[in-house]
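Visitor: Chains as they are written, first to last, in the numbering used here: chain A, 11 to 482; chain B, 11 to 482.
Everything labelled a hint here was simulated from the structure, so no lab data went into it.
One thing to keep in mind: the hints can contain errors.
Treat identical chains as interchangeable: a pair holds within one or across any two.
Straight-line Cα separation of at most 27 Å, DSSO-like style, residue types lysine-lysine; simulated pairs [unchecked claim]:
#1 Lys361 to Lys272
#2 Lys126 to Lys358
#3 Lys257 to Lys478
#4 Lys477 to Lys358
#5 Lys268 to Lys350
#6 Lys272 to Lys358
#7 Lys126 to Lys177
#8 Lys52 to Lys174
#9 Lys272 to Lys350
2 protein chains.
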Amino acid sequence: MTEKEARKLKSIGDLSPFFEPESVAIIGSLSQIWFGGQAVLKNLHDFGYSGKIYLINPSYDEVQGVRVYPTIRDVPETVDLAIIVTAARQVPSIVKDCAEKGVRGIIIGADGFAEKDREGTELQNEVVEIARRAGIRIIGPNTVGTVNTATGMVTATYLIGYDKIKKGGIAFAAQTGIIGPQALPYEDWGYGISKICDFGNKCDVDESDLLGYLAEDPDTKVIAMHLEGIRDGRRFLEVAKRVLREKPILILKPGRSKESTKALLSHTGSMAGDQKIYESAFKQAGIIQVNSFKELLEIPRSFSCQPLPRGNRLGIITITGGAGIMAIDTATESGLTLAKLYTETNEKLSKIHPTLVGNPSDLGPLVALGGELPYGEVIEAILNDENVDCIFCVLYGGLLPADFYLQILNDIKNPEDKPMTFWVYGPRLEGVDQICLELGNNGYPVYRDMETATKALGAMYQYAKIKKRLVI
Amino acid sequence: MTEKEARKLKSIGDLSPFFEPESVAIIGSLSQIWFGGQAVLKNLHDFGYSGKIYLINPSYDEVQGVRVYPTIRDVPETVDLAIIVTAARQVPSIVKDCAEKGVRGIIIGADGFAEKDREGTELQNEVVEIARRAGIRIIGPNTVGTVNTATGMVTATYLIGYDKIKKGGIAFAAQTGIIGPQALPYEDWGYGISKICDFGNKCDVDESDLLGYLAEDPDTKVIAMHLEGIRDGRRFLEVAKRVLREKPILILKPGRSKESTKALLSHTGSMAGDQKIYESAFKQAGIIQVNSFKELLEIPRSFSCQPLPRGNRLGIITITGGAGIMAIDTATESGLTLAKLYTETNEKLSKIHPTLVGNPSDLGPLVALGGELPYGEVIEAILNDENVDCIFCVLYGGLLPADFYLQILNDIKNPEDKPMTFWVYGPRLEGVDQICLELGNNGYPVYRDMETATKALGAMYQYAKIKKRLVI
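Modelling step: build the complete structure from the supplied sequences, incorporating the hints.
Guide: Take a look at the structure:
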């Protein structure tokens with residue numbers, strides 16, 4: 011078996027060329043800083059990718075001090091992954107070059123394929139055919155690329171504008187570039203990512219492939235997917251059921267109306283299928299469905315850094331009585347119930363201050379008294395109540411800095427099966443941003459609205475039940 | 011009729027002493043900077059209140075260079091409004107002093123009344139009785155106060171931390187202090203407020219009184235209320251129906267579960283009543299109900315600065331195809347429908363660039379081509395389509411600064427009956443914050459999630475129908 015044949019064999023069903031390549035070729039446009047080859051190059055440098063990077067473009071000799079090769083065939087060493095950012099019509103011949111070179115994976119950033127017209131669809135089919143014969147896997151076309159925070163492997167085709175994403179347990183996949191780091195302030199959010207993948211038109215690598223890969227990825231703890239369509243429903247559910255024994259899967263499936271179903275077709279060429287059938291299949295498999303992009307983005311945060319609850323009995327700690335009550339409504343609508351505290355817990359709370367007794371426990375009346383707010387003692391008292399399975403906690407980002415809350419939270423001995431979520435509000439955006447960032451960076455799921463913070467706990471309870479059912 | 015008797019008569023049913031006082035006495039604690047009398051004093055100074063301010067506390071002669079009087083009776087001139095921040099037990103005798111002085115309104119910031127226990131309830135009743143005999147209206151107790159941006163009249167009992175709120179059309183009222191400027195970054199949001207009122211325990215001034223006052227307030231265009239209970243449902247609906255002919259009313263009514271209903275009682279002593287009865291009465295009257303604090307806070311923004319739509323046909327302008335489709339789902343679920351563009355409009359769009367044709371119109375493919383994004387031309391083309399009643403527009407806060415968007419939007423000639431809402435996303439929080447602030451300050455309703463941006467248009471369509479029905 012030649013080296014090329016061995017590589018070909020290894021490629022089938024293996025997505026490592028996309029997320030763990032040792033060498034990358036960037037093929038195509040080098041004319042702009044903020045899009046295309048130069049952007050990919052700068053992003054890879056900024057994020058600290060340590061593999062080899064080759065630039066390919068017949069019109070240049072050198073860009074940013076980096077040598078440019080006329081074709082990928084001219085690169086002297088092996089190339090694991092090619093990122094193509096050319097016009098669509100050039101892609102087939104470039105893929106042929108890649109096949110000849112023994113490339114294992116190709117990300118096609120270019121658009122103008124199946125999402126455009128029949129001609130584009132034919133072009134896309136041609137590309138797929140060439141790649142398949144060569145045993146090359148493709149992500150895209152019409153994708154903004156992938157991210158692997160473990161290696162600084164960032165193939166975003168737009169200049170990102172920041173230089174790191176916290177390593178964390180969330181894997182995102184979507185049929186839209188809007189989950190990419192060029193679109194979302196992951197760094198400013200203190201948001202921990204393992205992998206990102208924009209499927210684009212999904213001509214080859216699909217949701218089932220990625221799910222299989224993420225199942226084995228030790229860095230991924232929760233998988234969040236935006237799917238405009240599913241290529242092979244049976245296969246997907248089969249893989250999903252296996253994954254769900256260990257990792258939660260959250261899915262946002264657009265196409266809930268006739269009008270959006272129609273629009274899907276022209277976006278990524280996806281046939282939406284029957285929404286009701288999807289929904290009931292997801293439910294049966296144990297996949298958690300979310301209804302908005304905001305939820306898809308924010309709910310995984312809790313899964314990635316907090317333990318699953320044993321039950322649905324919620325303790326609420328607030329610093330504004332009104333919010334505590336509103337949170338009861340959103341929590342019960344998410345499947346939680348208000349915990350009835352043990353007498354011993356209320357006695358503990360009463361010793362800290364009489365107005366703290368009860369659930370919600372309200373620190374509000376203590377603010378006017380001055381002195382340090384006993385957040386830590388209150389959280390610990392309620393967290394250790396046998397009748398409490400999870401906690402929603404309201405933080406006031408007013409006069410108190412991020413350090414104050416971080417110190418308190420780090421000092422708490424958190425039982426291994428009691429998740430907490432947080433909502434931060436305050437009079438200055440800067441103060442709220444800072445608390446969200448610091449707490450996020452330290453593994454606390456912080457939200458900017460109480461609805462999502464309580465929904466996240468509801469979703470964790472939902473998955474805890476599913477997991478129990480699947481594992482037994 | 012003595013001057014005092016004349017003032018007493020004028021006070022009944024008139025809330026101007028709370029929002030338009032010419033003189034204010036701050037009675038009580040002066041020991042802390044960030045809460046109590048000193049905080050109220052500094053807030054009033056910071057927000058530019060130009061009326062007279064008197065400090066009252068028997069233990070001080072002077073604070074922050076301001077003379078302190080032992081009792082309100084010692085103040086040489088008339089006092090319109092008293093703000094009391096003492097312990098609860100001192101309040102009755104202070105209210106007696108206020109009655110003697112001829113004060114017209116009292117805000118009781120102190121807690122420890124009906125929300126606490128039976129003793130507190132009795133104390134509250136005693137205070138109400140004294141005030142009623144003297145013709146004094148009370149807001150509170152257990153309130154963080156009021157705001158009137160027209161005069162810099164800010165009675166928040168906590169130090170706010172910023173020094174202005176944009177004047178605008180939104181009036182907020184709640185039975186929680188969380189709508190106050192000490193809790194929310196109105197300035198950083200570019201959020202336009204007319205009046206804010208925290209009812210607290212609502213011992214006297216209630217939702218019907220305030221609704222009546224706001225109906226006549228020329229600065230208020232939309233009224234948003236968080237109501238834990240309604241004191242006199244019949245009266246409230248009567249006033250509401252009158253107001254609704256001119257101004258929309260949005261209400262968040264907590265107490266959707268047994269558990270939250272129970273919690274309401276201990277928060278502000280509110281009997282929640284039957285939620286279903288409230289809901290159907292609100293609906294019948296034409297009040298718009300919202301289901302979360304986030305919606306109560308964010309949906310009024312569109313009402314305050316955009317015209318009401320004539321119909322529910324939505325045009326979507328996006329820079330990410332995936333988001334455009336997700337927005338169709340959230341929009342149709344909010345009562346909107348996707349507009350079918352005229353052939354002429356699609357021809358206009360095609361001339362700008364062929365990929366722009368259709369609804370949603372997607373600017374995404376143009377980003378990679380470089381050059382200035384034709385947001386202005388696309389918005390204008392769709393805005394002038396007779397089949398379009400309202401527009402949802404996605405802005406990318408990436409490489410483009412706030413000025414770019416502001417210039418474009420300011421140049422657009424907006425038909426008088428077509429509202430627009432915006433969603434901004436981007437890779438840096440700072441960039442997104444800046445666009446939100448600048449657009450907000452210039453009267454464009456900007457959102458940080460697409461769901462709320464489309465829900466706001468749905469709510470405006472809902473109110474447009476209600477208004478039509480009520481006015482005819």
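Visitor: All the hints need checking, so say for each whether the structure fits it.
Guide: These are the hints, each one checked on the structure:
1. Taking the shortest alpha-carbon separations for Lys361 and Lys272, only the inter-copy value of 24 Å comes in at or below 27 Å, while the best intra-copy value is 61 Å.
2. Taking the closest pair of Cα atoms, Lys126 and Lys358 come within 27 Å of each other only across two copies (19 Å); inside a single copy the shortest separation is 65 Å, beyond that limit.
3. In the homo-oligomer, the alpha carbons of Lys257 and Lys478 lie at most 27 Å apart inside one protomer (12 Å), although the nearest pairing across protomers, at 52 Å, exceeds that limit.
4. Taking CA atoms no more than 27 Å apart as the test, Lys477 paired with Lys358 passes in neither setting, with 34 Å inside one copy and 54 Å between copies.
5. In this assembly of identical chains, the alpha carbons of Lys268 and Lys350 lie at most 27 Å apart only when taken from different copies (13 Å versus 45 Å within one copy).
6. For the homomeric pair Lys272 and Lys358, the shortest alpha-carbon distance between copies (22 Å) is at most 27 Å, but the shortest distance inside one copy (58 Å) is not.
7. In this homomeric assembly, Lys126 and Lys177 never come within 27 Å of each other (Cα to Cα): the closest approach is 36 Å inside a single copy and 47 Å across copies.
8. In this assembly of identical chains, Lys52 and Lys174 lie within 27 Å of each other by CA distance solely inside one copy; the values are 12 Å within and 42 Å between copies.
9. Only between protomers do Lys272 and Lys350 lie at most 27 Å apart by alpha-carbon distance; the minimum there is 13 Å, versus 49 Å within a single protomer.
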